[in-house]
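**Student:** Chain by chain, the residues run as shown.
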Amino acid sequence: MATTYYTDDHEWIRVDGGVATVGITDYAQEQLGDLVFVELPEVGKSLSKGDPAVVVESVKAASDVYAPVDGEITAVNDKLGDDPALVNSAATGDGWLWQMKLSDESQLEGLMDEAGYKALIG
Amino acid sequence: MADTGELKQLPLRQLHEAAGARFGGFAGWSMPITYPAGVMKEHLHTREHAGLFDISHMRLFEFTGSGADAALARACPVDPTAIGIGQSKYTLLLDDSAGILDDLIVTRLGPERLIVVANAGNAEADEAHLREVTKGLDCRIEPLDRVFLALQGPEAEAALTATGLDLSSLIFMHGLEPKEGWFATRSGYTGEDGFELAIPPAEAEAFAAKLLADERVMWIGLAARDSLRLEAGLCLHGQDITPETDPVAAGLMWAIPKSLRTGGDYVGAAALKRARETGPSQRRVGLMPEGRQPIRAGADLFDADGKPAGHITSGGFGPSVGAPVAMGYLRADLIDKPGDLFAEVRGNRVPVRIHPLPFTPHRYRKG
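Taken in sequence, the protein lines are chains F and A. Under our numbering, the first residue of the first sequence is numbered 1, with each subsequent residue one higher. Under our numbering, the first residue of the second sequence is numbered 1, with each subsequent residue one higher.
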């Protein structure tokens with residue numbers, strides 16, 4: 001059973017058996033506007049919580065997406081190369097950014113659940 | 001970061017709020033950046049139909065008096081006698097070093113009457129500069145209190161006519177006063193046919209509402225205004241042209257009459273003559289990055305040997321081009337034989353090549 005957590009940087013992280021899928025929230029994609037490019041990391045890269053992992057570029061500006069927890073990248077969403085707008089149309093589904101193997105599952109405890117995130121964005 | 005509380009508010013603010021605009025600060029004003037349609041749709045709508053822009057942050061100045069022409073000739077590298085009644089001209093405000101203080105559109109409405117349109121961020125400095133350099137001349141310089149709208153796109157003329165304002169006889173870079181207190185030019189900042197309309201504030205809301213009731217017309221925010229002008233190869237003052245760039249390096253000598261390129265009585269004439277003789281060390285060019293990654297203002301350029309080759313002054317994604325587009329300054333010796341060029345983005349070198357400007361063809365109504 002997958003559990004979804006949220007960060008105050010407007011990322012979601014869905015954890016299923018030690019593997020986490022990460023993306024940005026619908027609120028975040030709406031704030032960014034139409035995405036035209038997503039710079040994805042290399043598979044195998046190790047990230048610490050807070051490291052810039054992905055750059056999402058809208059027509060107007062580039063923004064970092066940070067690693068919500070420590071871990072190693074196991075997959076990236078290659079579909080975004082041809083269709084970065086997937087992040088706009090399906091931020092929490094087909095528009096996921098990367099998957100990672102968690103180094104320390106206890107870090108998840110510091111993140112928000114859906115109710116907490118909804119309260120954050122108001 | 002500017003505190004949004006200190007930003008100036010547009011007179012039609014409530015209309016933009018009702019349309020769901022997202023606001024951001026620009027040149028001291030709180031401006032609609034995007035509407036719910038989003039920058040991509042707004043951009044493409046303008047190229048296909050008609051986009052309505054609130055550009056009331058820009059400032060109109062009226063020059064009147066027997067010295068109005070002399071004032072303009074002193075302030076700008078322009079020949080006022082060559083501007084007939086109803087004609088508009090793109091010109092520049094230069095400092096003593098021929099640095100570009102602003103770019104302006106001037107329109108003649110009478111033998112002793114001109115309208116000058118200045119950029120928002122420079123308006124106050126422009127006004128002070130204009131008063132200073134035209135001291136002693138019989139010319140009143142008066143800022144006008146108007147709502148300023150641009151209607152741009154292939155259906156602009158038809159949509160305007162449908163409101164009861166028929167400006168179909170106006171051709172590109174001409175202007176007139178269609179009603180008491182109104183001022184209209186056929187010009188714009190998108191590369192498309194269109195109009196800029198200065199309207200008395202009391203009449204503006206009803207006029208905008210009438211236009212917006214037409215399904216061909218929608219509000220367009222500042223984000224799409226920027227991507228449209230970049231595709232059209234048009235300069236943004238403060239980025240592509242600044243007091244540190246002169247008209248030679250900026251590739252704007254076409255805006256200066258031949259007789260004034262080698263001297264004259266306007267501010268910056270001597271420095272411009274020297275700049276022209278020396279030749280620029282860098283020149284403004286259009287640049288197209290390879291791939292889909294946009295290259296933004298501030299990115300450095302490198303040549304095939306890895307030596308500094310210039311920098312990007314405007315860059316982003318061109319929705320009509322369907323690819324990233326950019327403008328920047330490139331070392332003059334590389335213009336004709338650029339070899340491999342790279343822009344540095346977050347530590348990576350992205351190949352770029354020179355691309356002629358504009359990226360999308362201009363579709364002005366030239367008569």
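By construction, these hints were calculated from the structure, which means they are not laboratory data. Remember, it's a predicted structure, so these values are computed and weren't measured experimentally. Please note: incorrect hints may appear among the correct ones.
With a straight-line Cα cutoff of 30 Å, these simulated DSSO-like cross-link-like pairs (lysine-lysine) come out [what the hints assert, rightly or not]:
no., chain 1, residue 1, chain 2, residue 2
1, A, 89, A, 307
2, A, 337, A, 307
3, F, 118, A, 41
4, A, 89, A, 366
5, A, 337, A, 366
6, A, 366, F, 79
**Student:** If you check each hint against the structure, which ones fail?
**Tutor:** Failing hints, ascending: 1, 5, 6.
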